[in-house]
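Chains as they are written, first to last, in the numbering used here: chain X, 1 to 376; chain H, 1 to 347; chain L, 1 to 535.
Please keep in mind that the hints were generated in silico from the structure rather than gathered at the bench.
Quick reminder that beta carbons are idealized off the backbone N, C-alpha and C, glycines included.
Don't take each hint at face value.
With a cut-off of at most 27 Å between alpha-carbon atoms, the simulated DSSO-like pairs for lysine-lysine come out as follows [as the list claims (entries may be wrong)]:
#1 L:Lys281 to L:Lys300
#2 L:Lys281 to L:Lys301
#3 X:Lys354 to L:Lys345
#4 X:Lys354 to H:Lys123
Simulated restraints, written as ranges between beta carbons of each label pair [unchecked claim]:
#5 H:Ile12 to L:Asn20: 37 to 45 Å
#6 L:Gly63 to X:Ile153: 21 to 29 Å
#7 X:Gln275 to L:Glu502: 52 to 60 Å
Just so you have them, the derived chain H footprint on chain L, three or more residues with Cβ under 8 Å [as the list claims (entries may be wrong)]:
#8 368-378
#9 391-402
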Amino acid sequence: MSMSNSEKVKKFLINNTVPILFVVLLFFAIPLSGFSPEYLANEMITRLGRNSFLVLALLIPVMAGMGMNFGIVLGAMAGEIGLIFITDWGVVGINGVFLAMIISTPIAIILGFVAGLILNAAKGREMVTGFMLGFFMNGVYQLFVLYGMGNIIPINNPKILLPRGYGIRNAIDLVNIRQAFDSFIKLKIGDISIPVFSFIIIAILCIFIVWFRKTKLGQDMRAVGQDNDIAAASGIAVKRTRILSIVISTVLACYGQIIFLQNIGTMNTYNSHEQVGTFAVAAILIGGASVAKANISNVFIGVVLFHMTFIVSPRAGKELVGQAQIGEHFRVFVSYAVIAISLALYAWRRQAAKNREIKAVLDEQNEAIENRGGSQ
Amino acid sequence: MKNSIIESIEKIGWPRIIIGLFLASMFVIAPFVGVSVGTSISDVLVRFTFNGVLVLSLLPMVKSGCGLNFGLQLGIISGLLGAVTSIEIGITGFLGFLIAIGVSIPFAILFGIIYGLLLNRVKGDEMVVATYVGFSVVSFMNMMWLLLPYKSPDMIWGYGGTGLRTTISVEKYWFHVLNDFLSFEIGGVYVPTGGFLFFALMCLIVWIFFKSKTGTAMTATGSNPVYASSSGVNVNKMRLVSVIISSIIAAIGILVYEQGFGFIQLYMAPLYMAFPAIAALLLGGASVGKATIANVIIGTFLFQGILTMTPSVINNIIKSDMSETIRIIVSNGMIVYALTRRKKARG
Amino acid sequence: MESNEVVLKVENIGKDFFGNVVLKSVSFEVKKGEVIGLVGENGAGKSTLMNILFGLPVINETGGFSGNFFLNGEKAHFSSSFDALDAGIGMVHQEFVLLPGFTATENILLNRESVKDNFAVNIFGDRLKHLDREDMKKRAVNAINKLDVNLDPEMIVAEMPVGHRQFTEIAREIDRSSTKLLILDEPTAVLTESEAEIMIKAAKKLAEEGMSIIFISHRLHEVLDLCDRVLVLRDGNLVFESESENTNPREIAESMVGRSISDFEHTERKKELQKDLLEVKDLWVAMPGEVVKGVNFTVKKGEIFGIGGLAGQGKLGIANGIMGLFPSRGKVLFKGEEIPLNNTKNILDLGFSFVSEDRRGVGLLLDEPIDWNITFTAMQAHERFIVKYLGGLLKFRNDKEIRKEALKYIDMLQIKCTSEKQFARALSGGNQQKVCLAKAFALNPEILFVSEPTRGIDVGAKELVLNALKKYNEESGITIIITSSELEELRSISDRIAIVNEGKIAGILPPSKPATDFGLLMIGESNINGEGEIK
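Take these sequences, add in the hints, and give me the full structure.
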């Protein structure tokens, strides 16, 4: 199939409407905000190191046709449980981060498995179910952390326990492991500090994802993603494959949240995970992904554009209407609206595809009638 | 015998039985842990009247096949616009409340049309799209609350601030205009007669609507859209009408809530308001595809019962406030449970 | 390359679905490299036979089958289609079973990809093996070459012409080196003529290389061209078997539809039908799977007009198109006046009524009570069972009238139910169909379309339904257009019968014509000499 150049450009524009829109938006907003290029570059590097891993965790369920996995919140919770334990035990530095990952991996696997089972039962409405599952699990997490820890589960560090003797405090200072990854290998170019080790970890994950796509399991996920019934007819274990994709995503999200929190350095025990799903999904969609198709470049473009919008909009809002608050509200609005629009467009196209069969027949008929010289 | 027990349990539904028994046990335990049953019942009744209309607003959309209205916030925003406009005008008492309703309805219709047209284009994915449309509208209104030219000193930030406050008291305007109407106390139980009458009136209107030709067509549309359209019904129009009606009732619902609660809550407050209402409806025995007015009444009662009783009773037993956690688990668990129920296979 | 080696031997296979016999003691053999043509009307038992050979679970779930079959001399026990695949049976279905976003290669090798080992396999198992893309392409090209067709292995299925999709499907079965017997279920139905020719050529080439093929098709000239032998199934019996060169289309058609004349009764109508009521001119309907490509016919007032034909040829599309359920084009004149198409409400207002072939999907509100099901359409379209207030501004359901109407039809059509409030879902197929009829009658129509009125209902209910239609026609003088796959049913009730083939009307015959004439029209062999009204 050959395409003319203008068609190619048109196709590129249609496929990348969202990122292009954001580039245009930033083109005006960045100068308006008055931030220096160094500041922005520094922020971008930090945020790429902090957030990319979480967003990458969304890729595999998309491949398996399960849409945006709002359930990565579950993985984030697992990661936080690991961080609570290592803080309690006082494990320091990069060892602490790795230990947290090791502790939380089995928790993430179990949560991912449960989520996978539930999403299989809710086939056809995975996204809204994953979303609500995040809220539900938040309650279970509270039960576990606020009432179970220090009570049934031994926690001894009074710094993280509530004064009443059980339950974890609202905020935990992760001083032991603060930026343990980021500063493990230090590099500074001019005023810009680069978290080299975090980037190495992210690069490894990218390589893993590329490698994974080439495996038999990856191919099976692509097949399942396109059509459950046909995949099943060829002997692929569809349900199992779908569960596996959610398990992998949950485990990756768990690591992603640990990387995120070691950079931030403090953990809001009951809130840090709440918006993880929404922000990650918004980022990848701004990067040009859709519910059915997402790749690594969408992740990085998305993180840059999303966070750039995040950084500059309060200042730009202040310059524009004299109120920084407007900009703050605007960025929240942007993250929700982008998801709403992307999901709606996708559903819209899917509905159009359903009518395509009828349309194809109609076109054929019109052609036949015309060839005959019109209907009498 | 055994079978018939299981059958009737399944007919009522496990979640309702569990929650019902849980609630009953709360009332039994209450006096032993020093919680007044009278006050508790008053609380449940009052909260029932606050929330009933919001839950009722979900009904038309479920019936027409649009699913659970995760975008309830659109109706709520209309109601909020009515509320702040009424206060800006400054008329107090029942008339002020009516003005709030009057102002909010055109907004509800307008939002309902846009929202309904959108939902018709995303059939099958209504719920996830609606969730984020609801969030988007709430966050968009965050900017509007700052920018809209409201002037009443009861509503705007004092001392040089601009925009509306997060919480606006309706004390001076139409606080409890419904609840205190014909209210009385009997054996220590406060009965908000007006609130009940208003809720009953709304239920009656909805009930009558579903007896009309249009209401019947709407029910059939939800039951089998292909059948409906082969009977000459315009399916998309029916869905659209249901969304508009849902939005109007939701707008009225939030106003009822505010007159009872005493405050108008702006900004992020409406963000998650759809979930408890949906959970209540499901708790009442509704499913993604079917709901009745009885489901609304039973569900609101059970849900508000749990919300009222758990803090007081559980807190007195284990001396710590688990109510928020229990609320999260019950309401969101109920929704997840309902989403995993498959529609009965055709055939 | 036909040899004497028997690949498949079928011995006395029989099958019933809960007492309803669909296959009776069928026996035949397929030799290596032989192509067998399997022909029969819808419901003759072809699909059931193929499902048995292919080990589909539906067979075991419904009580298994009687008799045996042998592959290469070994008795076969299949519990799933995967067993059948392993044993060497490949099947190409009527609908494409391809992933639209995958390339030809990926589809040909779906779940049979070539893989390479790597380090992760030892830890996480075989599913982490790498795909060997190079080898995959080699295998795909190999399979395509065996077919001798022009198919790009790297092309994505969604972008392929229909014919290439069909080749991809066949290549998939060929790649399975074990495949000895290939079942092609109407592979040419969706192809253009030139594509079909290439397809036939490819099948011939495969047979030459030793593949045995069972070819199912309604296109007799293709069957005679490709196949070495032709088998005809009728009502579950193997009624005809012949070498291709020793038979002709007429003989095959005769054995397809030929029935004993004794069970066929048709009482000639006494009064003459004169006035034209409905005139259909060049009607096109875009109903997927039942496309109508320009039909013309006229129905007289008071007539029962039958529409027959094989499945998928477009007979069902006619009623669905006129009723506005699928997009249609053309001219429809009612009482001499042109009526707008694609507007269900309007058509219902004019006095049309429709009993759909898709009872559960279109015809009923399964989760609503019977009385609603019967009266809803009349209520919405004709405002019957409505009480008006404020000069018609408010319109409410008249539940009393609804109940009365429902009870009337429950009594009249003998609908077995606990009450008029029972949900339609709880009724048996026959009673559901009666509810559908009641719904149509409640509209008091001038013209009634009925599609597949007796499909899937028991004998007693069948007769009752047909009698009800006849009686309704005689007493109310209502015009009925009945569409059915069952020729006998049409012949017993209709005044004239139109046979639809490939989206067009192949001919219109009176029911007294011999069954063979209808059979020939059904399979597109319409060159019978000018007895019927043939267009």
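**Study point:** List of violated hint numbers, smallest to largest
**Key:** 6
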